[in-house]
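Construct the complete structure from the given sequences, taking the supplied hints into account.
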Amino acid sequence: MNAVEPIVFLVDDDQLFRRSTERLIRTAGLNVQPFSSARDFLKSPRPEGPACLVLDVRMPGLSGMDLQRELAQSGFHIPIIFITGHGDIPMSVRAMKAGAVEFLTKPFRSRVLLDAIQAAIERDRSVLQKESETRELRKRYEQLTPREREVMTLVAKGLLNKQVAGELSTTEATIKFHRAHIMQKMQANSLADLIRMVEKLGSSRQR
Amino acid sequence: MQVQFEHPAEEIKHLRRCINDLVSVLALPAMWSGGEPSRIVRTLLDVLLEMLHLDLVYVRLKEPTGEAPIEMARVAQPQSLTAGPQQIGELFHRCLGEDPQNWPSSVRNRIGDQDISIVPLRLGLQGEIGFIVAGSQRLNFPGQTERLLLSVAANQATIGLQEARLLSEQKRIAKELDQRVAQRTSELAAANEELKKEVAERRRAEEAVRESERNARLILDSIPGQVATLTPVGEVEAVNKQLVEYCGRPLEELKQWGTSDTVHPDDLPRVIETFTHSITSGDPYDFETRIRRSDGTYRWFQVCGLPIRHPDGRIARWCSLQTDIDERKRAEQALQRSEAFLAEGQHLARIGSFSWRVATDEIAWSEQLYRIFEFDQGLTVTLELIGGRVHPEDLPMLNDMINRARGGFSDFEYEHRLLMPNRSVKHLHLIAHGNRNADGQLEFIGAVQDVTQRRLAEEALDKVRSELTHAARVTSLGELTASIAHEVNQPLGSITNNANACLSLLAHGTPPLDEIREALTEIIQGTDQASAVISRVRQLVRNAPSERTVLNLRDVVADVLVLARHEFAARQVTILTELAEDLPPVAGDRVQLQQVLLNLVVNGMEAMNATEASKRALVIRGRPEIRDKERVVLLTVQDAGMGFKRDEMDRLFEAFYTTKPQGMGMGLAISRSIIEAHGGRLWAETNQGPGATFLFSLPDAGNTKS
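Here the protein sequences line up with chains A and B, keeping their order.
Mapping of the first sequence onto my numbering: residues 1 to 207, in sequence order.
Mapping of the second sequence onto my numbering: residues 1 to 706, in sequence order.
Read the hints as simulated data drawn from the structure, not as lab findings.
Every residue, glycine too, gets a C-beta built ideally from N, C-alpha and C.
Any given hint might turn out to be false.
As the list claims (entries may be wrong) - Sample of chain A residues at the chain B side, in silico, Cβ under 7 Å:
#1 Asp14
#2 Leu16
#3 Phe17
#4 Ser20
#5 Arg23
#6 Leu24
#7 Thr27
#8 Pro60
#9 Lys106
#10 Pro107
#11 Ser110
#12 Arg123
Right, here's the structure in full:
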């Protein structure tokens, strides 16, 4: 997975601007894939590695904001850098609320765009990282028996074995037994480690 | 010499003979009576030759008329003397000498071969009639009795000749008298004839005079005037029929005009004064006064009087003519009033009038024109004087007008300026029309109006209108700010990207030159794109004076769509254009037409705010058309928005009417005024489906194809 090169998607209807942006990003040593419309981009396959989307706000047909909405609905959480010829505050607020990482007004300094792209890719990379860790934890979590999942939740809350036993109406020894299995199945080195894992699982479940 | 008689009987015999001879001689005049001088002379010579036994006798008569003298000679024995009378005369003259006064009483001389005693006798006391010479061979010649006889005969001859002469003179005179009588008689006859003619002539003349008098009376009674004669002291003597009929008063009453109401009471003192002055001085009079008509109304008359004088200069009578000038007087008063009105009107309207005779350059000005030009009233106006006031920039126009006027051009209307001495400028509007006057001369009559105030007001209004138009344009542009910014920022962003890309590429060990070249080319493209947009915006924002060019509405549509393109995108409005291939050109101000279309397009977009996004479409159509027989270019902007109600239609184009919260309500009003200033129309129609269509037409500026 780490071998996959990051990729920058670029969607802008203005040919001249698209070509220049493409050149800029490419010159910075990044893979770039340009599209002249949002529809074309939606038809393209999703990336495996870290990626980001440089998106023009105003376009005929499907606009940048429309595309952002569609991507969110389809669960494609790619970081988006909006660019616009003329940005207004309500528009940028709307975009940022919807999860945009950056909102740039043309003409912007090239460095700003490249930095934004870099940051977006790093962010995506870390998101991907977290997602793969979460996927691993969930795999381990799914190996736990329902009783073990209950015990782990209470342990992660900081309850002592005796308290947990009282809570579940069982013996302290039984809890110790479960705990050992849990630590083994979850591949946790310490109680602190396990608590962090439970937090991660909990947050991912919330998303 | 004394004859001696020896015997008394002899002597008696001799005496008797002598007495007989004397009686014969004395009887001669009786014989001669009525005879010619030549006959008298001939008988005298015959008598003397025979009576005195002469050998020769000669007579020479002087002609009183200076003709050649008559000479005659008798010889007793013609064979002994062959000489002619003239030779004999010359011979005697030699013997006797030239002067008859100094002649000897007798002389003996040789004539021919004989000695002869010669006795000369003068005829008349001084020999003025002539003379007789008697000659005889006898030695005792002449004897006493012979001398007596000779002298008596000479006297008798003188008497006879004188009588003959007298007679001939009498005859001549009588003849002459006869001739004169005859001549005079014929003259008298001719004169008589002449006289007869003259008499006939005079009779005719008298007849003519009578006729003429009748005519004169007739004329006097039928001329359109009233005539009166007055005595030298001014008393009315006679009047014609008209005067009596007009006044409705008999002569007797008319004589009392000085105290009656015949003359208008207001005029009477003046009339009496004038009249009295003329009567006492003998000067003719001429005045105007009102005279009472029979119906009691007073009419204006001109009264002229002339004195008629005797040969010695005394005034015989006055002749007075009264002419009805009431109409003229009223016309004069009306004219005066009308002139006063005109002068007031000209003053109020700042209109002056003038006339100009082209041939003589005589120029007449009204008072107001003097005021407009600020010249002293009455100053003699010349073209030079006018030229001095005309604004130097307009002087060529004035000169051109003058030349065209001289060339026969007859109608003018133009505006020019005056530059006054205080450097202020006046605007004048001049209209002139040329006519041939009664003398056949070209004369221009014209009016000049001082339109300075109006011109200044128009200029101020133009300025305000232009500022308002500009303001509206800037407002329209403001609504497109986002679109325009996008349109400019797009190429600017591209330029920045490309420039940075180039910098990165140059940092390589081996810079990819093709890539760099490509990037630089795109930079230039971006620059061009941005400056094109900026120049369009600048055109719209700049408050430049209106400028008409021939242009195609396609270009105007393109200009507007470039600026509004991103606004369409942002508002998700689909824009469609259907412009005819053969769209004819129009004449107009590109910026103003852009403004109109921009306004219609923005209105159309805004009207569709509430429309479902998929149905937001704006259609711009352009095509040539014939409207009211005129070739026009029609441009329509159709939206699918909320449209408008029928009763709103008229108010749409009113100023300050708006349906938009932020709208000024000036857009359509200004758009309409722009289109109308271009000679076109702007109006709105509701669509069959949703929305409205705004349309404007402009005159086709292309070559008219039928």
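What are the numbers of the hints that this structure violates, sorted from low to high?
12
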